[in-house]
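For this one, chain A is given, so just place chain B on it according to the hints.
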Amino acid sequence: MDDKLQKAVEALTNRCAAQTSEFRSDISLMLAAEQLVEACQILHEEFGFEILAELTAVDYWPQQRPRFHVIYGLRCLQDNLFLMLRVPLDGNAPSLPTLTTVYANANWFERELWDMFGIQIEGHPDLRRILMPYEWEGHPLRKDYPLGYEEVQFSFNFDEIDIRKPYAKE
Amino acid sequence: MLEQSNVTITEVSVDEIRHLISDRAPKGETVLLNMGPQHPSTHGVLRLLLELDGEIVVNCIPDVGFLHTGVEKNMEAKTYVKAAVMTDRLDYLNTVGNNLAYCLAIEKLVDLDVPPRAQAIRVILTELQRIASHLVWLGTHALDLAAMSVFLYCFREREHILDILEMVGGQRMMTTYIRPGGLWRDTPVEFEDAVRKFLDLLPARIDEYEALLTKNPLFIERTRNIGVLAKEDALRWGATGPILRASGVAHDLRKARPYSGYELYDFDIPSMTAGDTYARYVVRVEEMRQSARIVRQALDKLPYGPVRSSNRKYVPPPRSDIGTSMEALIHHFKLWTEGFTPPEGAVYHAVESPRGELGVYLESDGSPKPYRVHWRTPSFVNMQVLPSLAKGRLVADLVALIGTIDIVLGDVDR
Numbered sequence: 001m002d003d004k005l006q007k008a009v010e011a012l013t014n015r016c017a018a019q020t021s022e023f024r025s026d027i028s029l030m031l032a033a034e035q036l037v038e039a040c041q042i043l044h045e046e047f048g049f050e051i052l053a054e055l056t057a058v059d060y061w062p063q064q065r066p067r068f069h070v071i072y073g074l075r076c077l078q079d080n081l082f083l084m085l086r087v088p089l090d091g092n093a094p095s096l097p098t099l100t101t102v103y104a105n106a107n108w109f110e111r112e113l114w115d116m117f118g119i120q121i122e123g124h125p126d127l128r129r130i131l132m133p134y135e136w137e138g139h140p141l142r143k144d145y146p147l148g149y150e151e152v153q154f155s156f157n158f159d160e161i162d163i164r165k166p167y168a169k170e
Numbered sequence: 171m172l173e174q175s176n177v178t179i180t181e182v183s184v185d186e187i188r189h190l191i192s193d194r195a196p197k198g199e200t201v202l203l204n205m206g207p208q209h210p211s212t213h214g215v216l217r218l219l220l221e222l223d224g225e226i227v228v229n230c231i232p233d234v235g236f237l238h239t240g241v242e243k244n245m246e247a248k249t250y251v252k253a254a255v256m257t258d259r260l261d262y263l264n265t266v267g268n269n270l271a272y273c274l275a276i277e278k279l280v281d282l283d284v285p286p287r288a289q290a291i292r293v294i295l296t297e298l299q300r301i302a303s304h305l306v307w308l309g310t311h312a313l314d315l316a317a318m319s320v321f322l323y324c325f326r327e328r329e330h331i332l333d334i335l336e337m338v339g340g341q342r343m344m345t346t347y348i349r350p351g352g353l354w355r356d357t358p359v360e361f362e363d364a365v366r367k368f369l370d371l372l373p374a375r376i377d378e379y380e381a382l383l384t385k386n387p388l389f390i391e392r393t394r395n396i397g398v399l400a401k402e403d404a405l406r407w408g409a410t411g412p413i414l415r416a417s418g419v420a421h422d423l424r425k426a427r428p429y430s431g432y433e434l435y436d437f438d439i440p441s442m443t444a445g446d447t448y449a450r451y452v453v454r455v456e457e458m459r460q461s462a463r464i465v466r467q468a469l470d471k472l473p474y475g476p477v478r479s480s481n482r483k484y485v486p487p488p489r490s491d492i493g494t495s496m497e498a499l500i501h502h503f504k505l506w507t508e509g510f511t512p513p514e515g516a517v518y519h520a521v522e523s524p525r526g527e528l529g530v531y532l533e534s535d536g537s538p539k540p541y542r543v544h545w546r547t548p549s550f551v552n553m554q555v556l557p558s559l560a561k562g563r564l565v566a567d568l569v570a571l572i573g574t575i576d577i578v579l580g581d582v583d584r
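Chains as they are written, first to last, in this note's numbering: chain A, 1 to 170; chain B, 171 to 584.
The hints are simulated quantities; they were obtained by calculation from the structure and are not laboratory data.
Hints are not guaranteed to be accurate.
Claimed, not checked - Below, computed lysine-lysine pairings styled on DSSO-like, alpha-carbon distance capped at 30 Å:
{"#": "1", "chain 1": "B", "residue 1": "Lys425", "chain 2": "A", "residue 2": "Lys7"}
{"#": "2", "chain 1": "B", "residue 1": "Lys243", "chain 2": "B", "residue 2": "Lys561"}
{"#": "3", "chain 1": "B", "residue 1": "Lys483", "chain 2": "A", "residue 2": "Lys143"}
{"#": "4", "chain 1": "B", "residue 1": "Lys401", "chain 2": "A", "residue 2": "Lys7"}
{"#": "5", "chain 1": "B", "residue 1": "Lys425", "chain 2": "B", "residue 2": "Lys248"}
{"#": "6", "chain 1": "B", "residue 1": "Lys425", "chain 2": "A", "residue 2": "Lys4"}
{"#": "7", "chain 1": "B", "residue 1": "Lys539", "chain 2": "A", "residue 2": "Lys143"}
{"#": "8", "chain 1": "A", "residue 1": "Lys165", "chain 2": "B", "residue 2": "Lys483"}
{"#": "9", "chain 1": "B", "residue 1": "Lys243", "chain 2": "B", "residue 2": "Lys539"}
{"#": "10", "chain 1": "B", "residue 1": "Lys252", "chain 2": "A", "residue 2": "Lys143"}
{"#": "11", "chain 1": "B", "residue 1": "Lys425", "chain 2": "A", "residue 2": "Lys143"}
{"#": "12", "chain 1": "B", "residue 1": "Lys252", "chain 2": "A", "residue 2": "Lys165"}
{"#": "13", "chain 1": "B", "residue 1": "Lys561", "chain 2": "B", "residue 2": "Lys197"}
{"#": "14", "chain 1": "A", "residue 1": "Lys165", "chain 2": "B", "residue 2": "Lys243"}
{"#": "15", "chain 1": "A", "residue 1": "Lys143", "chain 2": "B", "residue 2": "Lys401"}
{"#": "16", "chain 1": "B", "residue 1": "Lys401", "chain 2": "B", "residue 2": "Lys367"}
{"#": "17", "chain 1": "B", "residue 1": "Lys243", "chain 2": "A", "residue 2": "Lys143"}
Chain A extracted, bound-state conformation (with noise of 0.2 Å):
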């Protein structure tokens, strides 16, 4: 690992309780919802990690929890370093703090995240729906919305096929 990104991985691991890991020669850092936008104005800040370039989400339901990992991919152009953030995220009403006030740019992202996942962005300035049509109801690219082929149910069998529909059941 590079020496400067060494010392952010430490500062965030000392400051911030981050958990490293490493794949493929990728460092993702796991961390709480409540310490990241500290830790993104520390990276920002004190290690010139100028550019948010990636910020999506993985649903992992129904086989793990927390159901949701929210991705933040930061970029230092001045010493060429790039890191990932993963901030885990429960199903029940999920919601995290907005980057807006750190990277201008995450607001278009988080739009995504709120109309692909359904994941609440505390403090966004307009947080409306941003590649569905806006009245669209659903959340697509969690694992419970379906590609299509979807069981039709009739009054007489609506319960029996609603068991195994694959949906969370909350």
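For chain B alone, kept in the frame of chain A given last:
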């Protein structure tokens, strides 16, 4: 919200965007006007909601998603190789580049080797595609600024590149020529000649476009000091590609994090400090010349050898082996029915597309289908700069600004 304004469900009420427009709009001092989604200057299906004070843009609210096809969701339901076919359709001006980003992510995930010949051909094709993409950009951008002839010239040259793509991949645009572990097949014998012929012709043609535009007072009037993006703002908005480079940050992933053997070639990263529409024009035109330089070097050094990895767990065997080797037959059958199963893990790989950083986040759960694919597309991120550039400018400038960001709506909406 909808009940309040008493409109039908198919209409967006003004309340929904109340926080994005000024206080003058409800009083009727400014006008709200739709630009697009069907508009020749929005380069596809982009809708802009404009708040206008006469001809001055007070606020510009982009509305995207008209071309959303759910590619990411669809890819989760297909095997890795089948999903590759969908990647061409994202950024339809950078089809080979999309294949490349996706295949590099898979190769990183499974730690797959790519033979040198395949890498060199990948570079040649993506650089040709970059030239083609910039040609479309230049043509349409000039067309927006009322220079019709440039458009015709640019498309004439682009046709040569599409012919080359058709020669190698059988398709003009959606080739899916780059596959995990290498290429679909080797290039035909006439490939080298065709590329060389094009390279001989291109520099003079670029001079021709420059003769039409670079010192053209009308063009300069419409572009210089229009849409100035300061370095800090470019970084704050996460802009990448020519937009960032025209604002004084010479960042290019081909140099910063070389992939596919870009470290073997000698090329410059053009950058400007002005950050205006004209600077972005200069950067892109110079990029075409640099791409041609890379292609020429790659052709000169083009090694002979296989174009696909010999790792049979991931890459199908050559057709000739299937008739004689039982093992090859089994591998072929397994790969085309079940597909390959990469190890569990998540990777992010980014390449430099003509528009900026094109990244693929790929997560595998050990099954033959990708568990999650996310396309970090440059147009989607760069597009966010538009409202701040357009504020306070004329509607006519807005047309220049849409062109200068070089969006491809397939890339924005995915």
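Evaluation of the provided hints:
no. : hint                : in the structure
1   : B:Lys425 / A:Lys7   : 24 Å, holds
2   : B:Lys243 / B:Lys561 : 35 Å, violated
3   : B:Lys483 / A:Lys143 : 28 Å, holds
4   : B:Lys401 / A:Lys7   : 26 Å, holds
5   : B:Lys425 / B:Lys248 : 33 Å, violated
6   : B:Lys425 / A:Lys4   : 20 Å, holds
7   : B:Lys539 / A:Lys143 : 14 Å, holds
8   : A:Lys165 / B:Lys483 : 35 Å, violated
9   : B:Lys243 / B:Lys539 : 11 Å, holds
10  : B:Lys252 / A:Lys143 : 20 Å, holds
11  : B:Lys425 / A:Lys143 : 38 Å, violated
12  : B:Lys252 / A:Lys165 : 27 Å, holds
13  : B:Lys561 / B:Lys197 : 20 Å, holds
14  : A:Lys165 / B:Lys243 : 19 Å, holds
15  : A:Lys143 / B:Lys401 : 40 Å, violated
16  : B:Lys401 / B:Lys367 : 39 Å, violated
17  : B:Lys243 / A:Lys143 : 9 Å, holds
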